[in-house]
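Engineer: Sequences are here, hints too, so could you generate the full structure?
Number of protein chains: 2
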Amino acid sequence: MDTTRNNRMSKTLADRREYVLITIVGLEGVPLISKGDDVGSVIVRAAEKNQVTIENGDIVVVAQKVVSKAEGRIVNLLDVEPSAFAETVAKEMNRDPRHVEVILREASRIVKMKDNHLIVETKHGYVCANAGVDRSNVLGEHHVSLLPDNPDGSAERIRRRIEELAEVSVAVVVSDTFGRAWRLGHVDFAIGVSGMKPVKDYRGQSDMFGHTLHVTVMAIADELAAAAELVMNKSDGVPVVIIKGYKYPCGEGSAKELVRPIEEDLFR
Amino acid sequence: MDTTRNNRMSKTLADRREYVLITIVGLEGVPLISKGDDVGSVIVRAAEKNQVTIENGDIVVVAQKVVSKAEGRIVNLLDVEPSAFAETVAKEMNRDPRHVEVILREASRIVKMKDNHLIVETKHGYVCANAGVDRSNVLGEHHVSLLPDNPDGSAERIRRRIEELAEVSVAVVVSDTFGRAWRLGHVDFAIGVSGMKPVKDYRGQSDMFGHTLHVTVMAIADELAAAAELVMNKSDGVPVVIIKGYKYPCGEGSAKELVRPIEEDLFR
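Here the protein sequences come in this chain order: A and B.
Counting from 1, position 151 in the first sequence corresponds to residue 222 in my numbering; the numbering is continuous, with no gaps.
Counting from 1, position 10 in the second sequence corresponds to residue 81 in my numbering; the numbering is continuous, with no gaps.
Just so you know, the hints here were simulated from the structure itself, not pulled from any lab data.
Any given hint could turn out to be false.
Chain copies aren't distinguished; within one or between two, either way the pair holds.
As the list claims (entries may be wrong) - Heads up, simulated DSBU-like pairs for lysine-lysine below, C-alpha to C-alpha not over 30 angstroms straight-line:
| hint | residue 1 | residue 2 |
| --- | --- | --- |
| 1 | 268 | 194 |
| 2 | 268 | 185 |
| 3 | 268 | 106 |
| 4 | 185 | 327 |
| 5 | 318 | 106 |
| 6 | 315 | 120 |
| 7 | 120 | 318 |
A quick note: this is a predicted structure, and the numbers were derived from the prediction, not measured.
Structural biologist: Quick look at the structure:
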């Protein structure tokens, strides 16, 4: 071990914990959210009931479904009139034409149609199945939820409300569950951020041996969303998670920074 | 709130923490690893020095670089004789032909060549830049590290050694940093696992309203790797992270389960 490393080892546990200890705590008992609910206020109350203190520098990760419900981004499929194209696609895919219609309305581009899969780019630039239009955890047999219209704005509203009520400075990430190219299984991604930069930029920094780092930009907002999902669990009703101890890059960022511009993307 | 939710709220904090509190602690002062080093033993000693007790059910996330070094998966480019094809590609890309040669040897298929990007499928099935052949955090100007030959096997050896020395039952994830399609920035992924299933399968389970869950398989090993990276940080020399409090699906799994078979992949 070189001297720097030995010095590092001699730091006290308390010192160390400032650097390398992150805790992720889920809020249980978050009430069902309806249109018009004040999500920031719901979170602050739930944190109190959970005996979790929201502190400066915490990251609050909120599941998209909660945000969409509060913003009234719920559609009753019985009210939807499918277009001729939606009818054709739905027939081909053996799917509900009204559901397909809602997906098409949320899409800016169809990336891939195959079997019964409809992978689209959403108006926000996110590539995902069904434009994020989803039936699960929505009340009512014929209802689907849409992604928030402006997830960064949603994150900002929630952040400002939490900061006002809890008198702290935090970051907020709105997360959703997407599939990936090349790899099986879904993970959670950041679709909205506020109060932090969504990436950590290592450009110009060196590794332990003085080489310039090969990987220059880490998508930390996505990593925070993925970490939070470990506590949320799909079916467990834990839609809000507080992450403590991670020093995120401050400043106002947008989850759109995580979207690879089409001209730089080798894969579309 | 319905009754189930109220019941959940009435659980004590201690109960609750069993379900929704995860801690992620990085081990500092892990010594530089050389070929032949016993990584499991290094981890157990580092945990002791860090005053971190490795407990039953912990997940130990180990950065690929550490594993590759211990397994001697380091190549001196001065010893490499580039093929004619490597010379051609390197010239086209303005890259070191010996580096390109090593990448081609590790690849089973080239997914995309554009500008100076070389995205390949590795022999393990992973799609990533440069087949994971990487210069950063490797001693010596002309040295590169390769991915472990069998990362699941590496994870298993490390797991067995930790279990033997610490007398506990744990899971091990070997992680590496890759780029993604569609999204900017890198995140950490699981390239090897042992002692756990890499996915959590929700098939047949219902959401809060009794609908069958739309998302059925979560890639939890990738989420664990991403969560660990938040503590590792690229340049900080924290190559081993212990995750506590996450109930992973037990059983022996393989990170290859996270590779989407080419015939099911809509994107290649």
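Engineer: Please go over all the hints and tell whether each is borne out by the structure.
Structural biologist: Verification of the supplied hints:
1. 268 - 194: within (21 angstroms within a copy, 35 angstroms between copies)
2. 268 - 185: Intra 36 angstroms, inter 29 angstroms, cutoff 30 angstroms: inter-copy only.
3. 268 - 106: within (29 angstroms within a copy, 38 angstroms between copies)
4. 185 - 327: Answer is both: 27 angstroms inside a copy and 24 angstroms across each meet the 30 angstroms cutoff.
5. 318 - 106: Neither, since 33 angstroms and 34 angstroms both go past 30 angstroms.
6. 315 - 120: Result: close both inside a copy and across copies, 18 angstroms intra and 24 angstroms inter.
7. 120 - 318: both (26 angstroms within a copy, 24 angstroms between copies)
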